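S.K.: Two chains, each in its own frame: build the complex with the hints.
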Amino acid sequence: MKKVYLDNAATTPVRKEVVEAMRPYFNRIYANPSSFHMAGKEASDAVQEARKTIAGIIGARPQEIYFCSGGTESDNMAILGAARFYKRSGNHIITTRIEHHAVLEPIHHLEFSEGFKGTYIGVGENGVVDPREIEKALTSNTILVSVMMANNEVGTIQPIAEIGKIILKWRKKNNTQFPLFHTDACQAAGALDIDVRKLHVDFLTLNGSKIYGPKGAGVLFVREGARIDPLLRGGAQERGLRPGTENVPAIVGLGRALELAQKEREKENARLIRLRDWFAGEILKKVPGTYLNGDSEKRLPNNVNISFLNCEGEALMLYLDAKGIFVSTGSACTSQTLDPSHVLLAMGLPPEAAHGSVRFTLGRETTRDDLKYVLRVLPEIVKKLRDISPTQFEYGKK
Amino acid sequence: MAKNNKPDLKKGEQSWLYSPEVKDHFYNPRNVMGDNEIKTYEADGVGEVGSPACGDVMRMWIKVDSKTRKIIDCKWRTFGCASAIAATSVLSEMAIGMTVDEAKKIKPEDITKKLQGLPKIKLHCSVLGDRALRAAIEDWESKNQ
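In the order they appear, the protein sequences are chains A and B.
In the numbering used here, each number is its position in the first sequence, counted from 1, plus 17.
In the numbering used here, each number is its position in the second sequence, counted from 1, plus 479.
Hints should not be assumed to be uniformly reliable.
[Stated by the list, open to error] Subject to a maximum C-alpha distance of 20 Å in a straight line, what follows is the list of computed EDC-like cross-link-like pairs (lysine to aspartate or glutamate):
1. B/Lys542 / B/Glu527
2. A/Lys232 / A/Glu90
3. B/Lys592 / B/Asp514
4. A/Lys400 / B/Asp503
5. B/Lys599 / A/Asp356
6. A/Lys401 / B/Asp580
7. A/Lys302 / A/Glu314
8. B/Lys622 / B/Glu572
9. A/Lys400 / B/Glu516
10. B/Lys502 / A/Asp338
11. A/Lys186 / A/Glu150
12. A/Lys280 / A/Glu90
13. A/Lys69 / A/Glu276
14. A/Lys389 / A/Glu34
15. B/Lys583 / B/Glu527
16. A/Lys189 / A/Glu179
17. B/Lys502 / A/Asp404
18. B/Lys622 / B/Glu581
19. A/Lys182 / A/Glu150
20. B/Lys518 / A/Asp404
21. B/Lys586 / B/Glu617
22. B/Lys542 / B/Asp514
23. A/Lys340 / B/Glu500
24. B/Lys502 / A/Glu397
25. A/Lys401 / B/Asp514
26. A/Lys302 / A/Asp386
27. A/Lys284 / A/Asp294
28. A/Lys315 / A/Glu150
29. A/Lys232 / A/Glu276
30. A/Lys400 / B/Asp580
31. A/Lys232 / A/Glu34
32. A/Lys340 / B/Asp580
33. A/Lys400 / A/Asp338
34. A/Lys33 / A/Glu281
35. A/Lys232 / A/Asp24
36. B/Lys599 / B/Asp589
37. A/Lys401 / B/Glu516
38. B/Lys546 / B/Asp503
39. B/Lys542 / B/Glu572
Hints are computed from structural coordinates only; laboratory data are not their basis.
All of these numbers come straight from a predicted model, not from anything done at the bench.
One chain only, chain B, in its complex shape (with noise of 0.2 Å):
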């Protein structure tokens, strides 16, 4: 106990589940498609998954550059707990440069090593983020070819 009598947790400013990869990703998530872009940016494919019932919804935009098959951006949004937001922002920046074939074969398991790892009963949000990567380009795929 500290002095003032409150809990005085020794890693109290962290919280201790997550890896520092999950919680840089959770608290300063990157990519994250903005109020201000949402209704002007032109995006190639959308993707989405998950539902309010079971507490994770994503959705993903990308750009692609038809010529070189390269994904030159990628926003998303999230619903979901800390580490289904580090997930989705971890998969943008992993996503961003690599063709789309590349980026269909991302796996569940690329995600959670990159985050350095999830808690065994968070690993199907990492699931989640690379099927709405897929969707995404499935649906750049469908307009594309």
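For reference, chain A alone in the conformation it holds in the complex (with noise of 0.2 Å):
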């Protein structure tokens, strides 16, 4: 059977330069990067070559940049880390609705625990945030701003730089240094261009697992002279903010990776930029009843998010899973909590075109034959399940 992976934002296959990157530190140059040895120096050296070489990538300097397993520990090292070093300064963070649960349970957190009060910004209909409701919300109490630089959902991409400049301009009139400002860009390496003199941040996530490179390897840019707490006690390692043994194929593979990513950048967005607006554009032609979700102009090149309407979104997406097309949806189903997608209600979707939600995420390995293979069989499955539906949504408003 014909396999098409639609799920690239969910994670993204290891390139084979990555593989080929990491393969000499499994068990050739194997030492601890801490030993004073010459294999420990080697080992360290590979460390500080992808440090050096993310740094530039991200305009920052190489002591800036902290490794970590991942994404999820990244915002958190940012989110708690940040709180609880400032936490005599001020109780107050500001987010948005539509944030990765990795950013929004560390803040739910704080609120329940900490004694923090959290603002979470809403968005437009186009799952954008409008920097001005930002700007609303600070007060002298104010620590943190967090908001993603591009949506795991939608796709949408958020103004960070513009945000960035309010917030330095709020600092400058209040002469202070808060609130400190974060980004969660795992969606947005390797498609967009993250600067992080440009976006004005002071924290930056970045992940390996959404940028071909392996899973277990994320990076917090902490901008100088901005602190966090850490959430590890141990070692020296990452100047004390994240102890424990470097995993160096998984540092040494994310560098790589987000070194090829930014090489392939404008050409890989034209061909995906093109690929999803002819996809999606088909859907929307072909299939009666369905609705992009976010920003047609202001979204990741890869990203297509669409609700059909009365066909519910895991029904959808295990049919398509027998056809060999996999994909991710917004439905309640998939989730634990059997609420359909934060993001998408932040939207102001009603909740039977979030259940609906089906999100497509093309990929390097994406071809126009993969995407023409769903267009055949999409229409069919869905028209199966709105055979087998009583319901009769409409949803006029778009």
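M.R.: Given below as structure tokens:
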């Protein structure tokens, strides 16, 4: 059976060049980078090399790059770490309603257990945050703002640089170093220009598993002068902010993956945007009762998120699965909480449209032929599910 | 990885979450109310439960022999996930041939058992199924008693 993987926002395969770059560090250059001998030095050099590469790509200094286990840990390091370090300076955190759970849950925890107060900014129906809403929420108690660079579900790109400028202006006007500004750039990496100086961020989260690098590899950029309380206590690795023996192969792989993504970014973006717009357009044309979720312009080149009315997302996903097409859905039925996607609800979608949403995320290996195959089987699958549904929702708003 | 660098999932042709029985009913649902008959079907009782907000809506149509009180036909339509669809499908098979009094006693666990189990988080889907059938029976009763 033909297999079409359209879940690249969940994770990407590790590309060949990255596997090759990682290979020596499993059993040839395997020493502990902290060991004070030649073998250790060799491993340590590889880590520092990756640090330099990544710093160069995001416009940071090598000493501002901290390696950790992935996007979730990096988000937690920034949010819990900054909140705890600066808790005497204020207890207010601003974020958005469309963040990844790796950002929302640490903030919920800080609210629930550590005396902080969170403000959750909504988005327009296009899934984009209005920077003025962030500005309005700023108070003298605000120590941290966290806004994702691109959304993982609907792919919408957020105005990070604009928010960054607003925060700089606020700090200057009030003669304070607060709030600090964090962005989760896991979905943006590889597709957008991630330059921490242009974005005016103090913390930035990256990981390997969305950019054809290894899982279990993440980065937190911490601007010099910004401080965090470490989550873990132990050795002096990563200047004590992330103790534990470095995952050398993963770090090397992450560096290589980001380097390759950066090099191919423009060409690959252009290819993906062409495919994305054609594919989304064909679905909307071929299947009635479908709507594109999220802004059609301010979105990642690989994201197509569509609501199929009167067609439940998990059922649709599994019918596609049976045809070898792998996607994901914002339906309640695939979540552990039985609530539909918080992102789609924040955009104002009625629950029945959120339940029928499917996310197709294209990747390096996606071809027009793959998508043609999807377009061939999708309409009949939707029809079959609609034929067994008693509902007749209409959603005339769009 | 397969040679073509596409995912090579050993069981990729079937979803890992559900039992074979659930998959069978999900991919080949029985007794669905067809488009061609929905307008002409002379149901003796109709019941609907669920709400679009929670993502499950089930409707059941039954025909009842008023002498024997047996359910002689049962059709359904479901908006919902795989387990909701499978639960209604298997329930329609269970109900046909039962008396309404027997059918009213069908418990969610009976449906779950017929489906060889459901993931814990999906158990509520089977609950909805038996409620839809009971609503249809009550509709019939209200017209016949």
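S.K.: So, for every hint listed, does it hold in this structure?
M.R.: Here's how the hints hold up against the structure:
no. : hint                : verdict
1   : B/Lys542 / B/Glu527 : holds (15 Å)
2   : A/Lys232 / A/Glu90  : holds (12 Å)
3   : B/Lys592 / B/Asp514 : violated (30 Å)
4   : A/Lys400 / B/Asp503 : holds (19 Å)
5   : B/Lys599 / A/Asp356 : holds (16 Å)
6   : A/Lys401 / B/Asp580 : violated (33 Å)
7   : A/Lys302 / A/Glu314 : holds (18 Å)
8   : B/Lys622 / B/Glu572 : violated (24 Å)
9   : A/Lys400 / B/Glu516 : holds (17 Å)
10  : B/Lys502 / A/Asp338 : holds (12 Å)
11  : A/Lys186 / A/Glu150 : holds (15 Å)
12  : A/Lys280 / A/Glu90  : violated (27 Å)
13  : A/Lys69 / A/Glu276  : holds (11 Å)
14  : A/Lys389 / A/Glu34  : violated (29 Å)
15  : B/Lys583 / B/Glu527 : holds (15 Å)
16  : A/Lys189 / A/Glu179 : holds (16 Å)
17  : B/Lys502 / A/Asp404 : holds (18 Å)
18  : B/Lys622 / B/Glu581 : holds (19 Å)
19  : A/Lys182 / A/Glu150 : holds (14 Å)
20  : B/Lys518 / A/Asp404 : holds (14 Å)
21  : B/Lys586 / B/Glu617 : holds (16 Å)
22  : B/Lys542 / B/Asp514 : holds (18 Å)
23  : A/Lys340 / B/Glu500 : holds (19 Å)
24  : B/Lys502 / A/Glu397 : holds (19 Å)
25  : A/Lys401 / B/Asp514 : holds (11 Å)
26  : A/Lys302 / A/Asp386 : holds (18 Å)
27  : A/Lys284 / A/Asp294 : holds (16 Å)
28  : A/Lys315 / A/Glu150 : holds (18 Å)
29  : A/Lys232 / A/Glu276 : holds (16 Å)
30  : A/Lys400 / B/Asp580 : violated (36 Å)
31  : A/Lys232 / A/Glu34  : holds (15 Å)
32  : A/Lys340 / B/Asp580 : violated (41 Å)
33  : A/Lys400 / A/Asp338 : holds (16 Å)
34  : A/Lys33 / A/Glu281  : holds (15 Å)
35  : A/Lys232 / A/Asp24  : holds (15 Å)
36  : B/Lys599 / B/Asp589 : holds (15 Å)
37  : A/Lys401 / B/Glu516 : holds (16 Å)
38  : B/Lys546 / B/Asp503 : violated (34 Å)
39  : B/Lys542 / B/Glu572 : holds (13 Å)
Violated hints for the displayed structure, listed by number in ascending order: 3, 6, 8, 12, 14, 30, 32 and 38.
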